[in-house]
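Using the hints, position chain B against chain A.
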Amino acid sequence: MTFWMRRCAPLLLLALAAHCLAGETLDRIQGRKELVEVVDPDYPPFAFLNDSNHMDGFDVDVAKAVAQRLGVRLRIETPSWELVIAGHWRGRWDLCICSMTPDQRKAQVLDFVAPYYNSPAVLVTTAQNTGLQSIRELSGKRVGVEQGSSYERYLQKDLVIAAPDAKALSYPFNDVRIAPYANEDLAFQDLALGAGRRIDAVLSNLGTASARLDRMRGKFRIVGEPLYVEPNWVAIDKGDPQWSALLARTLAELKKDGTLARLSVKWLGKDLTQ
Amino acid sequence: MLMSPQGFFRLRVLLVWASLLLAFAAFVAGFELDFSVVRERFPNLLGLRLNPDGALQGAALSVLVSFAAMAVAIVLGLAAALGKLSRSAIAYGLATFYNSFFRGTPLLVQILLIYLGLPQLGPVPAAIPAGIAALALCYGAYLSEIFRAAIVGVDPGQWEAAQALGMSQGATMLRVILPQAFKSAVPPTGAMFISLLKDSSLVSVMGLWEIMFLAQSYGRSSYRYIELLLTAAVIYWVLSIGLEFLQAWLEQRLRARHG
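Those sequence lines, one after another, are chains A and B.
Every position in the first sequence, counted from 1, becomes a number in our numbering once 65 is added.
Every position in the second sequence, counted from 1, becomes a number in our numbering once 160 is added.
By construction, these hints were calculated from the structure, which means they are not laboratory data.
It is possible that part of the hints are untrue.
[What the hints assert, rightly or not] Between beta-carbon pairs, the in silico distance windows are:
#1 Leu278/B x Gly213/A: 21 to 29 Å
#2 Val269/B x Gly205/A: 35 to 43 Å
#3 Gln318/B x Glu99/A: 35 to 43 Å
#4 Glu99/A x Ala186/B: 49 to 57 Å
#5 Leu281/B x Glu318/A: 36 to 44 Å
#6 Thr195/A x Phe195/B: 29 to 37 Å
#7 Leu281/B x Ala228/A: 33 to 41 Å
#8 Leu193/B x Gly289/A: 29 to 37 Å
#9 Gly213/A x Leu389/B: 15 to 23 Å
#10 Asp92/A x Gly282/B: 17 to 25 Å
#11 Leu193/B x Val330/A: 33 to 41 Å
All residues carry an ideal CB built from backbone N, CA and C; glycine is no exception.
Extracted from the complex, chain B is given alone in its bound form:
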């Protein structure tokens, strides 16, 4: 045998991928597209250069906003998950209201409520903090349900064993339950992260020059709309693949440690 069974499987998967990519390329090739306009603008789309005002733009800006929002969202999601599991009426009420509102209303509305609504009370937020806040609040609500399911999914025997050892509720949660819940929370959280990356395009309503904004603006000024949108799609796809690798690495590490 030239190759192990797994190696042969991987080779076949790669061939399937290659043929699908070729089919997609053939489909797109039939559009009469002219990608020369994309070449000069590509560094800007990637965010390798700053915009005329010296601000971040393109993929660099999208990635910054997404990572910052995800970090805050994880904290909010954990707080809301614990709140919903708590016996305190205030915590439960806050958590369920937060979940319901931020999952139930469109993200665009949330962004505008922060950007336009908050100034009515005094503070006038800048675009990037407002965008990160809105994305974090929205995705925190979704993550809270994922975390709650992961926490509830840990074997109840763990709670009993911890109680038998005389551990407090808080210590049990922190040192026994959460580490185990973490493993099953990773795949859906990874999916949410990929979704957040694409939702980050909504911050363009506040004037931020992220990927979709630049792609659409270049597309309209060069009258090559589809070429630029396809380029933006490919950039998002590559970024998502990066996130998928990150998730796979994390799952691999957890499997190695906990089996």
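With the rest of the complex left out, here is chain A:
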């Protein structure tokens, strides 16, 4: 072999091997006896740092149940959301039970295994703002949302729900002004100043909104019925069909024996896993 072939051949083999991930995740999990799960660490009650400095929440408990089924330990990693949805995890993480909603862009780099709960979207306003009964009355008013979230896209009348039985969305409002925030907490801080001061309402999901309302009694209230429902799926890095199949089977078992429903009631107050 020539000088350069000897140097480049291993690199080429490495590049080719990177495409053959099948079974690699399972080998790694079995070998280390450890499942590595990623969560968004700032998303109570789905995933958050509790008083004893451990990650806790609905997503975390579901991951623990999966790890228990597989007979391995669970380790939780908290990289930023952008890193997770960029794909190409390179074996750093095994799965993402992290309240992810599927869309075409994410599907290019991740594999979505199965839905595990539904997120109803609700409008939240201050407790004093008793007049507000539905989103129709918010014409010309400002609604706070997390930047880049599906709630922002809904207010832009540009939301596609990635579920096989999804009906076309109706947008029963006109001229609602969108106030994007880096995160939900900032939106709720501004809402707490009073409806109409900076914003009039916040559009968020029932899970996080209920948790917030429980902790801060008397400050906010939920307006009317949920506007739409989004399914949240479990995601893994692209290119490992064996892992995907095993994970799907495990989740189906957890659903059948009522574990998912039980956890949903524990953390979210009702069963959102159907």
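Just chain B, lined up with the frame of chain A:
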């Protein structure tokens, strides 16, 4: 006189500090804050306990990453400064490209290029080495300009005197110029170190549990966001004051030795 003029000056400065701190405290007191949630989480924020995976967290992690990055940055900065002063086209080209790229691109982009980009070529770096590498490369570029200015600032007469004594370029640089340049490089380098300490919060994108990550996570899980962020700010401030004392001590030592 009860007190020397310097003592009286220091007393007045202390009074100014005290009144400013009181004003800040009064400003913050008007926020309706509840710091009880901070008390239980404070040891974790400081890094006095390990996280559930047995890894360093909090201020201890930030300090580790910052000191390691600064050490490497000083080496890189010196190399790049000498490269830019060199007559070799390769050294000059490398140094100027390195300076331009690592000062011109955002630190976050650099961290991600190392953490996400390097695996494309094979090696998959862990979070702490990737963070230290990115911070060192970025701050090395800034330090190189500081070092170059300090080197150029040494009296040209020193070069001539060394040449007259028959010293080689390398020996002159090492034994005459650099020791003198060191003194004027200390204040701006100290400032860079303080800046690096706060930039180290960017390593949280890779999942490291440093101060800002913990403060934000606790803040969001306890719904006491501002209290936790204020606590993080105070921790950074105290660490920076520590670095300021270190810098002052170093300047004092150099003044005593070289006058």
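Evaluation of the provided hints:
1. Leu278/B x Gly213/A: 21 to 29 Å: With a Cβ separation near 27 Å, Leu278/B and Gly213/A satisfy 21 to 29 Å, so the hint holds.
2. Val269/B x Gly205/A: 35 to 43 Å: Given a distance of about 39 Å, which is inside 35 to 43 Å, the answer is holds.
3. Gln318/B x Glu99/A: 35 to 43 Å: Roughly 60 Å apart at Cβ, these two residues miss the hinted range, so it is violated.
4. Glu99/A x Ala186/B: 49 to 57 Å: The hinted range 49 to 57 Å holds for Glu99/A and Ala186/B, with Cβ atoms some 51 Å apart.
5. Leu281/B x Glu318/A: 36 to 44 Å: Since the Cβ atoms of Leu281/B and Glu318/A sit about 40 Å apart, the hinted range of 36 to 44 Å holds.
6. Thr195/A x Phe195/B: 29 to 37 Å: 33 Å, holds
7. Leu281/B x Ala228/A: 33 to 41 Å: Given a distance of about 39 Å, which is inside 33 to 41 Å, the answer is holds.
8. Leu193/B x Gly289/A: 29 to 37 Å: 33 Å, holds
9. Gly213/A x Leu389/B: 15 to 23 Å: Between Gly213/A and Leu389/B, where Cβ atoms are some 22 Å apart, the hint holds.
10. Asp92/A x Gly282/B: 17 to 25 Å: 19 Å, holds
11. Leu193/B x Val330/A: 33 to 41 Å: The hint (33 to 41 Å, Cβ to Cβ) holds, given that Leu193/B and Val330/A are roughly 34 Å apart.
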